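Given next are the chains, with one letter for each unit.
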Amino acid sequence: MKKYGFYSVMVAIFALSAISHYGGWNVMWQFALSALAILFVAGFLGKATESVAHYAGQRLGGFLNATFGNAAELIIAIFLVKEGLFDMVKASLTGAIIGNLLLVLGLSVLLGGLKYKQQHFNIQIAGYNATLMIMAVIGLFVPAVFVKAEHFSVEKDHLLSLSIAAILIVSYLLWLIFSMITHRSLLSDGEAAADHGETPPWSRGVSVLFLVLATIMVALVSEWLVGTLHTFTSRFGLSELFVGAFVIAIIGNAAEHSAAVMMAMKNKIGAAVEIAIGSSLQIALFVAPVLILVSTLFGQTMDILFTPIELTAIAVAVFIAKSISKDGTTNWYEGVLLLMVYIILGIAFYLV
Amino acid sequence: MKKYGFYSVMVAIFALSAISHYGGWNVMWQFALSALAILFVAGFLGKATESVAHYAGQRLGGFLNATFGNAAELIIAIFLVKEGLFDMVKASLTGAIIGNLLLVLGLSVLLGGLKYKQQHFNIQIAGYNATLMIMAVIGLFVPAVFVKAEHFSVEKDHLLSLSIAAILIVSYLLWLIFSMITHRSLLSDGEAAADHGETPPWSRGVSVLFLVLATIMVALVSEWLVGTLHTFTSRFGLSELFVGAFVIAIIGNAAEHSAAVMMAMKNKIGAAVEIAIGSSLQIALFVAPVLILVSTLFGQTMDILFTPIELTAIAVAVFIAKSISKDGTTNWYEGVLLLMVYIILGIAFYLV
Amino acid sequence: MKKYGFYSVMVAIFALSAISHYGGWNVMWQFALSALAILFVAGFLGKATESVAHYAGQRLGGFLNATFGNAAELIIAIFLVKEGLFDMVKASLTGAIIGNLLLVLGLSVLLGGLKYKQQHFNIQIAGYNATLMIMAVIGLFVPAVFVKAEHFSVEKDHLLSLSIAAILIVSYLLWLIFSMITHRSLLSDGEAAADHGETPPWSRGVSVLFLVLATIMVALVSEWLVGTLHTFTSRFGLSELFVGAFVIAIIGNAAEHSAAVMMAMKNKIGAAVEIAIGSSLQIALFVAPVLILVSTLFGQTMDILFTPIELTAIAVAVFIAKSISKDGTTNWYEGVLLLMVYIILGIAFYLV
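Chains as they are written, first to last, in this note's numbering: chain A, 1 to 352; chain B, 1 to 352; chain C, 1 to 352.
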């Protein structure tokens, strides 16, 4: 009974938010309604992910969630690329990577850790995640050093960027083959844990359908909410870099947040880690390279060069997340450290 | 009998050193007496720490020792901050961090390893130490990149420095709650080992009293010794950076040295690691931030910006110490490597 | 029967290549013959190494192979140092380090991983290898930062370079004592595995003799091949940096390649890792420092300063290799990642 109440309210708020957006209401109303709506649809997405994870295992469920979460970001970013707003794209990619590694993972680990003294996940996955994060940092760091130290021409810069983008995409696709096909059993930790969980309210098919539906709703509401932000940015005197890397990233990751935290609080920290780290890896190894390739199709190549402060933020997030995840256990204090680093970066970006 | 002889000589030398200092004797005499006195009082401190560790477990004993050792450094540094000698403060903080991570830890591991083929300590602690060391590096590295790359104004620099100082202090206090209260049992490795050690000569209360007393004596003698150094510096043509980062740091860490090496040679490498790494973490995450906050009280904010070579020295020390400590075992060769890195840095700083 | 055929052909090709070289034939012929010859002699070296490893254990066998492989490189580099071609020496040292860590290790892990789902090696060795790699990076990184940030004079630069060279050599020699003498049993993983392998065709003495002979043949053929490269370089418009760091390094490591890949495909990944990582450590901690000391004997000190892009390449290779080797297991995907990073660096160097 209670549940149907939740869904009725969600649909109503979602509809109101849609009307306010397409009807061109006052920006304050649009903001309030879409902010409220995102809480509901993110909750819906969390439930759908959990249900799918029950059937598919924690890891595949986490992967699906990360992918659906990033699909929205990819679509928004493609529009930005099309308009040549490369700096904002890179700022939001940076924000999405550090937001997942520090804020989503940090909140999950902290809240899960306040409930359970110690939470465990597959230590092998932690190792692979760490290696892939290093791969991502290498892919962003090498061009930054070479292009600057050797004064590459624009043509060389673009050639290097496109090559590295292609290599990262191939690496990511092979990783999917490795982790989902050839070495699936090695990396699985979810099936056993999920087996003795409670039965989800939906069947397998309905769960997948709801996952897709919830993701679309989150994407739409996120976009409406993002649309109202520019007005706020100018009103509160925030820089585009800060808004791109923190405000948009936090809202854009609402889906991952709610899903990961819910998983962590049900002692399924493996799924939470997969959502948070998997999502940031997907952005660094797949979304960002795809945007570079897509930019060439629009006739204007976006290079892979991130600014020194963006690279620092990504490297810092990777190193602390790697150090915390490598033993395959988490506790509340590790969540605190991740959030502390996020706050340090937040203040630094705010001051830029 | 023999022991009472030791303490009588110690008190005599200590008194003589005090007289030479406050009586304004010839600097050569002051130096010789205080250098001799520090050997005795450091030995006393080592015995007191060992005795306290027997009652409190290796870790808490190590923490107490690190804290008492750094109390002296903190007091000296506050006087330097008050006089606005920020560069010398940072040089001595750098020296204390790398001195603990490389020299104290290196000597302990080497001398312990020459006696025992392999020494073991709690691998979980090693992991947390590594993460906290990375946190410290992040806290020093992020402002260095942002302030320089984005040309921060002095106000922004100070705001960022104060914010990060506050975050590091909160992180350190929460770490104490985590490691001493909520997850104490997880991180303990001393109780069992200490149980079947020989009974210390002093009761619990006397041990703590002697620990406090010994720390005060070490602090006093260190200060007297430091006071004589400037004369030497100019006589031998040494730079202030080298004296601050190496000479003062070596003398100021005499307490940690003697205590840690004594522990390592009794096969209590866990306590030695706790003293060395714990002390450097305390300096990076607590002493340095407190100095920044204190500097504002004196009306002149010291920022958190370390020079590139100081940052390099700290990062290098952290990476090698992290790599060596992460498997929870030590041997003579790992001690050699730590000392080799210390020598490399010593030569580099000497040449500046 | 079949085997004798292989050796007859090898001797014939080797002799032809020698005649073409010393007879001053057309460069195209010299190139074709020496390239063909290297395939055969590298195969011979692989068999000899495998046979020696059977008697000596995987690790000592790997060490011997790494040493014999690098002896050739050392000799070639000494001639370059004598002629003052310091930049080319450093480029080829860089190329040898990253070639071993990425290409040799990557191919071994990939090809071994395609045959065996998961391959295992001694996790302790992985830890020590990682620490030594960090030591090497520190030895190259510290002078780069200090000399540049503090504007060292040429004298100070040379003094620092010679000091660090001496420290690295001492560290390497102590490592040999540690790993071969005082803690040999700890680090051994080969004896047991080799015991139930098939008996090699040669006796212990003959195996060692053939190992020496094969190494000499590889060194000679490598040199002949390298001699023909300059003609090609200019014909194909390649930069000396790219040729030094990639083309020469690939050919110069032919011995390690064939030996390591053969070991990996016989499920002796421990020996393959030892050859690849051991060889790169030997270059960074022994060959490079020896060249610096040797350069002073020739009256012209080569400093230890590598360019930013060389340092980046080495650091990147070390971090990914460290991350992949630290769990003591390998699989095809880890080989792919190593090769991907090699390709990224290859493209970047090619564009310089």
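Hints are supplied without guarantee of correctness; some may be wrong.
The list treats identical chains as one, so a pair stands whether inside a single copy or across any two.
Quick list of in silico lysine to any residue cross-link-like pairs, SDA-like style, CA-CA up to 25 Å [what the hints assert, rightly or not]:
#1 Lys117 / Leu293
#2 Lys148 / Met88
#3 Lys156 / Gly299
#4 Lys156 / Leu351
#5 Lys117 / Ile177
#6 Lys326 / Val336
#7 Lys148 / Asn26
#8 Lys148 / Leu305
#9 Lys326 / Leu174
#10 Lys156 / Ile347
#11 Lys266 / His230
#12 Lys156 / Phe242
#13 Lys156 / Phe40
#14 Lys156 / Gln300
#15 Lys156 / Gly205
#16 Lys115 / Glu150
#17 Lys266 / Gln300
#18 Lys115 / Thr182
#19 Lys115 / Leu74
#20 Lys266 / Leu74
#21 Lys117 / Glu155
#22 Lys156 / Asp87
#23 Lys266 / Thr307
Quick caveat, the hints were computed from the structure, so don't treat them as lab data.
All figures in this text were calculated on a predicted structure; none of them were measured in a lab.
Hints, verified against the model:
no., hint, verdict
1, Lys117 / Leu293, "neither (45 Å within a copy, 34 Å between copies)"
2, Lys148 / Met88, "both (21 Å within a copy, 22 Å between copies)"
3, Lys156 / Gly299, "within (16 Å within a copy, 40 Å between copies)"
4, Lys156 / Leu351, "between (33 Å within a copy, 7 Å between copies)"
5, Lys117 / Ile177, "between (35 Å within a copy, 14 Å between copies)"
6, Lys326 / Val336, "both (17 Å within a copy, 22 Å between copies)"
7, Lys148 / Asn26, "neither (46 Å within a copy, 41 Å between copies)"
8, Lys148 / Leu305, "both (10 Å within a copy, 19 Å between copies)"
9, Lys326 / Leu174, "both (22 Å within a copy, 21 Å between copies)"
10, Lys156 / Ile347, "between (35 Å within a copy, 10 Å between copies)"
11, Lys266 / His230, "neither (37 Å within a copy, 62 Å between copies)"
12, Lys156 / Phe242, "between (30 Å within a copy, 15 Å between copies)"
13, Lys156 / Phe40, "neither (47 Å within a copy, 38 Å between copies)"
14, Lys156 / Gln300, "within (14 Å within a copy, 36 Å between copies)"
15, Lys156 / Gly205, "neither (49 Å within a copy, 54 Å between copies)"
16, Lys115 / Glu150, "neither (52 Å within a copy, 41 Å between copies)"
17, Lys266 / Gln300, "neither (46 Å within a copy, 49 Å between copies)"
18, Lys115 / Thr182, "between (36 Å within a copy, 12 Å between copies)"
19, Lys115 / Leu74, "neither (34 Å within a copy, 37 Å between copies)"
20, Lys266 / Leu74, "neither (29 Å within a copy, 44 Å between copies)"
21, Lys117 / Glu155, "neither (54 Å within a copy, 42 Å between copies)"
22, Lys156 / Asp87, "both (20 Å within a copy, 23 Å between copies)"
23, Lys266 / Thr307, "neither (39 Å within a copy, 46 Å between copies)"
Hints 1, 7, 11, 13, 15, 16, 17, 19, 20, 21 and 23 from the list above are not met by this structure, while the remaining hints are.
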